[in-house]
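Taken in sequence, the protein lines are chains A and B.
Here our numbering is used: the first sequence runs in plain steps of one and ends on residue 87.
Here our numbering is used: the second sequence runs in plain steps of one and ends on residue 1651.
Read the hints as simulated data drawn from the structure, not as lab findings.
Even glycine gets a Cβ: it sits at the ideal position worked out from N, Cα and C.
Among these hints, one or two may not hold up.
What the hints assert, rightly or not - With a cut-off of at most 20 Å between alpha-carbon atoms, the simulated SDA-like pairs for lysine to any residue come out as follows:
#, chain 1, residue 1, chain 2, residue 2
1, A, 51, B, 1571
2, A, 70, B, 1531
3, B, 1565, A, 49
4, A, 51, B, 1522
5, A, 34, B, 1569
6, B, 1617, B, 1531
7, A, 70, B, 1549
8, B, 1500, A, 73
9, A, 70, B, 1603
10, A, 48, A, 4
To be verified - Derived coverage of chain B by chain A (criterion: at least 3 residues anywhere in the stretch with Cβ under 8 Å from a Cβ of chain A; other residues may be distant):
#, region
11, 1551 to 1558
12, 1620 to 1630
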Amino acid sequence: MLVLRRRVGETLLIGEDVEIEVLAIAAQGVKIGIRAPRETVVLRKELKITQEQNEVAAQGLTGADFKQALEKLRSNSKIDPSLR
Amino acid sequence: MLSVQTKYFGILPCREEEVFEFPRGLPAFEQEKRFVLIQLPENAPLIFLQSLAQPTLCFLAFPILVADRDYKLAVTAEDLAALDLDSGHQPELGGEVLVLALVSLRDAFSATANLMAPVVLNLKTRRGLQAIRPDRLYSHQHLIQPGILDVRSPEAAC
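All chains should be built: construct the whole structure from the sequences, respecting the hints.
Structure (structure tokens):
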């Protein structure tokens, strides 16, 4: 990872058309301004992670797999063979 | 009385006042604004978060204390305001809010819970949202131990 030290008001350029500016620094966090083309998607990474995890969670399991998974969560003992 | 077409349980009746409004939807499902909780005694403490508009969209969840008895909330002031809650302090778990961890089942043997972004429900105003933590104290893929929902185990007591 490239690591740079910047002060408030200083900027960074990423590629031809993305500009990052450090607007303010405080104990709670750093305030960042981003200038980028409208089509460039800017997301907080946690949001992206949550979106992806929600997609996985929504898919879930169906039928016998679902029953078996629930059974596994409910009990540490051997799974009822009839659920397989 | 509403009739809710559910993913796992056919059609279930539901009262309008039981519906939770999610003004922002859920990340990746922003258009889903209304959900109901399905809690069946035989599945306790599991809770199903069923979309009203989309019958095939149903999240599996449980109260977050089931996954971690010492879980500490960190809801941002912005999210607290969106939930009609006092932004001056964290809501009390099991009090004014119900906090759920969404569960991911990849196969029958590996389940994870998202402790990084719990679903917080204001039980009074029936508003909900997924509150992404501003810190990195909890995983979005917290491994769930088999037997965690066994009501006889101390982990499930909450």
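Against the structure, the hints come out as follows:
1. Taking the CA atoms of residue 51 of chain A and residue 1571 of chain B, the gap is about 19 Å. The hint holds against a cut of 20 Å.
2. At most 20 Å may separate the alpha-carbon atoms for a hinted pair to count; residue 70 of chain A and residue 1531 of chain B meet this at roughly 17 Å.
3. About 18 Å separates the Cα atoms of residue 1565 of chain B and residue 49 of chain A, which keeps this hinted pair within 20 Å; it holds.
4. Simply put, residue 51 of chain A and residue 1522 of chain B have alpha-carbon atoms about 12 Å apart, close enough for the 20 Å limit, and the pair holds.
5. Taking the CA atoms of residue 34 of chain A and residue 1569 of chain B, the gap is about 16 Å. The hint holds against a cut of 20 Å.
6. Distance hint between residue 1617 of chain B and residue 1531 of chain B is fulfilled; the C-alpha atoms sit about 18 Å from each other, no more than 20 Å.
7. A distance of roughly 17 Å separates the Cα atoms of residue 70 of chain A and residue 1549 of chain B; the hinted pair therefore holds under the 20 Å criterion.
8. For the proposed pair residue 1500 of chain B and residue 73 of chain A, the alpha carbon gap of about 15 Å is at most 20 Å, so the pair holds.
9. At most 20 Å may separate the alpha-carbon atoms for a hinted pair to count; residue 70 of chain A and residue 1603 of chain B meet this at roughly 13 Å.
10. Among the hinted pairs, residue 48 of chain A with residue 4 of chain A is consistent with the structure: their alpha-carbon atoms are about 16 Å apart, no more than 20 Å.
11. For the region 1551 to 1558 of chain B, the stated coverage by chain A is satisfied: 3 residues place a CB nearer than 8 Å to a CB of that chain, which reaches the threshold of 3.
12. Remark: the region 1620 to 1630 of chain B is confirmed as covered by chain A, as 3 of its residues place a Cβ nearer than 8 Å to a Cβ of that chain, reaching the required three.
This entry satisfies every hint, going by the numbered hints stated previously.
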